[in-house]
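> Sequence:
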Amino acid sequence: MRLDTESLRTLIAVVDLGSMTRAAEQLEMSQSAVSWKIKRLEEHVGRALLIRDGHDLRPTLDGRELLVDARNIVAVHDRAVARLSTSTLTGRVRFGTNAELTASNVTELLSRFNVNHPGATIEIVSSGSDELARLLDRGKLDVATLLVTASERRSDDRTLWADELIWVSSWAWPFDEVDEVPIVSSVPQHHSYDRPLEALSRAGIDHYTAFSGSSTGAMLEAVSAGLGVAILSESWVDDNIVPWQRGNELAPVERVHQVVRAASGERREVADALVATLVADLDEPTA
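Here the UniProt record's numbering is used: the first residue of the sequence shown is 1, the next is one more, and so on.
Certain hints may be false.
For each label pair, taking beta carbons as the anchor points, the in silico distance ranges come out as [to be verified]:
(1) 214 to 36: 41 to 49 Å
(2) 35 to 204: 47 to 55 Å
(3) 87 to 158: 15 to 23 Å
(4) 197 to 121: 55 to 63 Å
(5) 264 to 43: 34 to 42 Å
(6) 35 to 92: 31 to 39 Å
(7) 121 to 264: 33 to 41 Å
(8) 108 to 51: 21 to 29 Å
(9) 87 to 203: 50 to 58 Å
Don't read these hints as lab results, they were simulated from the structure. Ideal placement from N, C-alpha and C gives every residue a C-beta, glycine not left out.
Use the sequences and the hints to build the structure in full.
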């Protein structure tokens, strides 16, 4: 039995993204082509690899076991291809990444960049968007990913995705009738969160900071545990993280954009290559 590398790559994308449609977008192929590859792979191995429950897709036991080997096979394949097609690009790039991007697969992306450009060196700084923007403007960074509002976006920023921020709570802890609302916040906190917090005061809703986390992941854990309500991307809403009903009484939270920004002035080729990699790997198609 021989396993097709691209079919394994397709299986990985479908499971990781939980959707044939999103896998098709990432792999730049039609949804029917993705479905066909999965079907042929299942026929080839003689096992069902996915459980299809309406729009829900998840791996079977055989699927989970194959995924472990599939990831290794695809990784080894990609390393071999990259080694034979590595660039002659050299130089050092100082890259700043904010918490929203750190929570994604940025480490995997940067690992592939290093493999594809072995002569290049990346220095990575992780901090809040406001601090990263200041470092860029002072010439301390070459490239950074930032969370900005529409009015803060610059003409040469490359937008990766836009987020609708909403108030959320745990479904088990709605905090609908408490006298003082506990708030889950981030540290460092982006200033786009200031006005929504001020809106609580204007609405006469007493509140206090119950938890301060250093990442989106930490905030999600705190909200899930019922420690308080938070302002998070609408994309995090699920069976446990739900819109906070009292948030409907407040003014809408300003939309934010995740962008890639390069330092002004003459840039090195290695910085342009990193920007291109970030956009190619992380840009989400708009509806």
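> None of the hints should be skipped; say for each whether it holds.
Consistency of the hints with the structure:
1. 214 to 36: 41 to 49 Å: holds, 44 Å
2. 35 to 204: 47 to 55 Å: holds, 53 Å
3. 87 to 158: 15 to 23 Å: holds, 21 Å
4. 197 to 121: 55 to 63 Å: Between residue 197 and residue 121, where Cβ atoms are some 40 Å apart, the hint is violated.
5. 264 to 43: 34 to 42 Å: violated, 55 Å
6. 35 to 92: 31 to 39 Å: violated, 44 Å
7. 121 to 264: 33 to 41 Å: violated, 22 Å
8. 108 to 51: 21 to 29 Å: At 26 Å between Cβs, range holds.
9. 87 to 203: 50 to 58 Å: The hinted range 50 to 58 Å holds for residue 87 and residue 203, with Cβ atoms some 55 Å apart.
Checked against the numbered hints listed earlier, the structure breaks hints 4, 5, 6 and 7; every other hint is satisfied.
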